[in-house]
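There are 2 protein chains.
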Amino acid sequence: MTHKTLFEQISLKKSYLCVGLDTDIRKIPAHLLKEADPVFAFNKQIIDATLDFCVSYKPNIAFYEAMGAKGWESLQKTIEYIPKSHFTIADAKRGDIGNTSGLYARTFFDPTSSGLSFDSVTVAPYMGSDSVLPFLEFENKWVILLALTSNSGSADFQRITADDKPLFEHVLIKSQEWAGADRMMYVVGATQAKDLKYIRGIVPDHFLLVPGVGAQGGSLEEVSKYGMNKSCGLLINASRSIIYAGNGTDFAIKAGEEAQRMQQEMAVYLDKYCNQIERPF
Amino acid sequence: MTHKTLFEQISLKKSYLCVGLDTDIRKIPAHLLKEADPVFAFNKQIIDATLDFCVSYKPNIAFYEAMGAKGWESLQKTIEYIPKSHFTIADAKRGDIGNTSGLYARTFFDPTSSGLSFDSVTVAPYMGSDSVLPFLEFENKWVILLALTSNSGSADFQRITADDKPLFEHVLIKSQEWAGADRMMYVVGATQAKDLKYIRGIVPDHFLLVPGVGAQGGSLEEVSKYGMNKSCGLLINASRSIIYAGNGTDFAIKAGEEAQRMQQEMAVYLDKYCNQIERPF
Numbered sequence: 001m002t003h004k005t006l007f008e009q010i011s012l013k014k015s016y017l018c019v020g021l022d023t024d025i026r027k028i029p030a031h032l033l034k035e036a037d038p039v040f041a042f043n044k045q046i047i048d049a050t051l052d053f054c055v056s057y058k059p060n061i062a063f064y065e066a067m068g069a070k071g072w073e074s075l076q077k078t079i080e081y082i083p084k085s086h087f088t089i090a091d092a093k094r095g096d097i098g099n100t101s102g103l104y105a106r107t108f109f110d111p112t113s114s115g116l117s118f119d120s121v122t123v124a125p126y127m128g129s130d131s132v133l134p135f136l137e138f139e140n141k142w143v144i145l146l147a148l149t150s151n152s153g154s155a156d157f158q159r160i161t162a163d164d165k166p167l168f169e170h171v172l173i174k175s176q177e178w179a180g181a182d183r184m185m186y187v188v189g190a191t192q193a194k195d196l197k198y199i200r201g202i203v204p205d206h207f208l209l210v211p212g213v214g215a216q217g218g219s220l221e222e223v224s225k226y227g228m229n230k231s232c233g234l235l236i237n238a239s240r241s242i243i244y245a246g247n248g249t250d251f252a253i254k255a256g257e258e259a260q261r262m263q264q265e266m267a268v269y270l271d272k273y274c275n276q277i278e279r280p281f
Numbered sequence: 001m002t003h004k005t006l007f008e009q010i011s012l013k014k015s016y017l018c019v020g021l022d023t024d025i026r027k028i029p030a031h032l033l034k035e036a037d038p039v040f041a042f043n044k045q046i047i048d049a050t051l052d053f054c055v056s057y058k059p060n061i062a063f064y065e066a067m068g069a070k071g072w073e074s075l076q077k078t079i080e081y082i083p084k085s086h087f088t089i090a091d092a093k094r095g096d097i098g099n100t101s102g103l104y105a106r107t108f109f110d111p112t113s114s115g116l117s118f119d120s121v122t123v124a125p126y127m128g129s130d131s132v133l134p135f136l137e138f139e140n141k142w143v144i145l146l147a148l149t150s151n152s153g154s155a156d157f158q159r160i161t162a163d164d165k166p167l168f169e170h171v172l173i174k175s176q177e178w179a180g181a182d183r184m185m186y187v188v189g190a191t192q193a194k195d196l197k198y199i200r201g202i203v204p205d206h207f208l209l210v211p212g213v214g215a216q217g218g219s220l221e222e223v224s225k226y227g228m229n230k231s232c233g234l235l236i237n238a239s240r241s242i243i244y245a246g247n248g249t250d251f252a253i254k255a256g257e258e259a260q261r262m263q264q265e266m267a268v269y270l271d272k273y274c275n276q277i278e279r280p281f
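Those protein sequence lines, which keep their order, are chains A and B. For the first sequence, position 122 matches number 122 in full-length UniProt numbering, and the numbering has no gaps at all. For the second sequence, position 142 matches number 142 in full-length UniProt numbering, and the numbering has no gaps at all.
Hints listed in this document are in silico derivations from the structure and should not be mistaken for laboratory results. Remember, predicted model here, so these are calculated numbers, not experimental data. Check each hint, because a few of them may be wrong.
For identical chains, the list gives no copy identity; a pair is met inside one copy or between any two copies.
Mimicking DSS-like on lysine-lysine, the simulated pairs with C-alpha atoms at most 30 Å apart in a straight line are [what the hints assert, rightly or not]:
#, residue 1, residue 2
1, 141, 70
2, 84, 141
3, 194, 14
4, 225, 194
5, 197, 174
6, 141, 14
7, 4, 77
8, 27, 77
9, 34, 70
10, 4, 194
11, 34, 77
12, 70, 27
13, 194, 174
14, 14, 44
15, 44, 34
16, 70, 254
17, 84, 27
18, 194, 272
19, 194, 165
20, 44, 70
The shape of chain A in the complex, shown without the other chains (with noise of 0.2 Å):
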């Protein structure tokens, strides 16, 4: 998918949610475990429910990987099913030395050889270029590449600072130069509001994936304010707080209402923040 479809979507639909398909068997309402595919059957019904308030679906690729061979079974009939008008995230935080990404890259992007076609996949930095690049080589394919994470842990190192820079910053700076705007977006934590602000500020162009709304406890407000730019830039994404917004066989209704409740939010904050001339910042 293209920078310029994805913003049409977001347009057509105001909305910048993702949802993240991060299914847990153990959490799965009781009446679904007598599928012969219940994970599957989950996520089918979610996205059926919620496909009209969102522009992007992101799988947490633990949570198949957890159950082997038949959690990437479920995996590939998911993406399967999820309309080519979504934009598809494989949320994998791979990196590995030039030739096993391109493996990894093969894997998520190349369906002759896994099955599997995302638009996307989440990269972790620690290795560098060569970690990175073999995911560009694929035509229209993303790299979603970690900056700032929204977890405790993100201040261990990603804060670190070098040449008065955090390293995170070092990690926008740098990746610059392997892909644009258009092939690369940035994983950005939204747990808080300023981080937002002085990372929008090197990355002007980009669009941030943002974690931490819903559950994690950002506020969406906050996030729209200080990280949209004129093509929106965001892709918000709300797990649990969508797909467990209920737990009987009203699941799905309940994660659709929750969707819609999102969606209709940020209707409000593309009208108010997108379409300005003059930037917040």
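Since chain A is already given, all that's left is putting chain B on it; use the hints.
Frame of chain A; chain B shown alone:
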């Protein structure tokens, strides 16, 4: 496997060789492609031919994932086939927020979840403490944390200097708060002996997993001289130079010969550098 048992195996076999099972279906001998599971058929023969000369096996997970669900089945069969005497490493370079790292830990350590039961997993440090700690909740299982990797891109961030210390040193120091030498190892690329000497000064007691010897060109004697401690403290990985030593029907014989050649060299270095009272640094 405990630190003590691993050193006993090293002493018994006079080897600290780890065989990297980076099995690429595009590179294995043609006659195996008619097998029901060519990747497992290849691995089985490689294991049979090398097990007397090595103490560890390390499948890089990318090679299996790239084949989707089928690849996970090959991986599972491979891990079950490796004798319990050998230390197994899931070279996965994972790392995510706490609850998600917990799922990756289940993936590689809990056979009731994924079907896999490795002794250890490689973890990327970028996301900090809570991305690493969930792996340490599994008794007798190890984290092998990326410190200084062997690829060219390692210079992009790992050598960035803050407070007069490169990032990889911050990783080595901080992570010692999370676990000791009985539960944690470090990945240290073997391309430069001076780095190894420097790192050994920071982590005197830990095992180091050293890739980059063999096809990537590091010197086995230099690594042994500067990296060894009194419990050996080294696992030296060779992948392509062993598993692709031959490409005919005798590929396993060739692999065994190359593993034996390395083991014989290692026996000399164990005698020369491991038992001395005065360390060379």
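Checked hints:
no. : hint      : verdict
1   : 141 x 70  : both (26 Å within a copy, 24 Å between copies)
2   : 84 x 141  : within (13 Å within a copy, 41 Å between copies)
3   : 194 x 14  : within (25 Å within a copy, 56 Å between copies)
4   : 225 x 194 : within (11 Å within a copy, 49 Å between copies)
5   : 197 x 174 : both (19 Å within a copy, 29 Å between copies)
6   : 141 x 14  : within (24 Å within a copy, 47 Å between copies)
7   : 4 x 77    : within (27 Å within a copy, 45 Å between copies)
8   : 27 x 77   : both (20 Å within a copy, 29 Å between copies)
9   : 34 x 70   : both (15 Å within a copy, 24 Å between copies)
10  : 4 x 194   : within (28 Å within a copy, 49 Å between copies)
11  : 34 x 77   : both (18 Å within a copy, 28 Å between copies)
12  : 70 x 27   : both (17 Å within a copy, 26 Å between copies)
13  : 194 x 174 : both (22 Å within a copy, 26 Å between copies)
14  : 14 x 44   : within (23 Å within a copy, 54 Å between copies)
15  : 44 x 34   : within (15 Å within a copy, 37 Å between copies)
16  : 70 x 254  : within (27 Å within a copy, 35 Å between copies)
17  : 84 x 27   : within (28 Å within a copy, 34 Å between copies)
18  : 194 x 272 : within (19 Å within a copy, 57 Å between copies)
19  : 194 x 165 : both (15 Å within a copy, 28 Å between copies)
20  : 44 x 70   : both (16 Å within a copy, 23 Å between copies)
Hint check: no violations occur; every hint is consistent with the structure.
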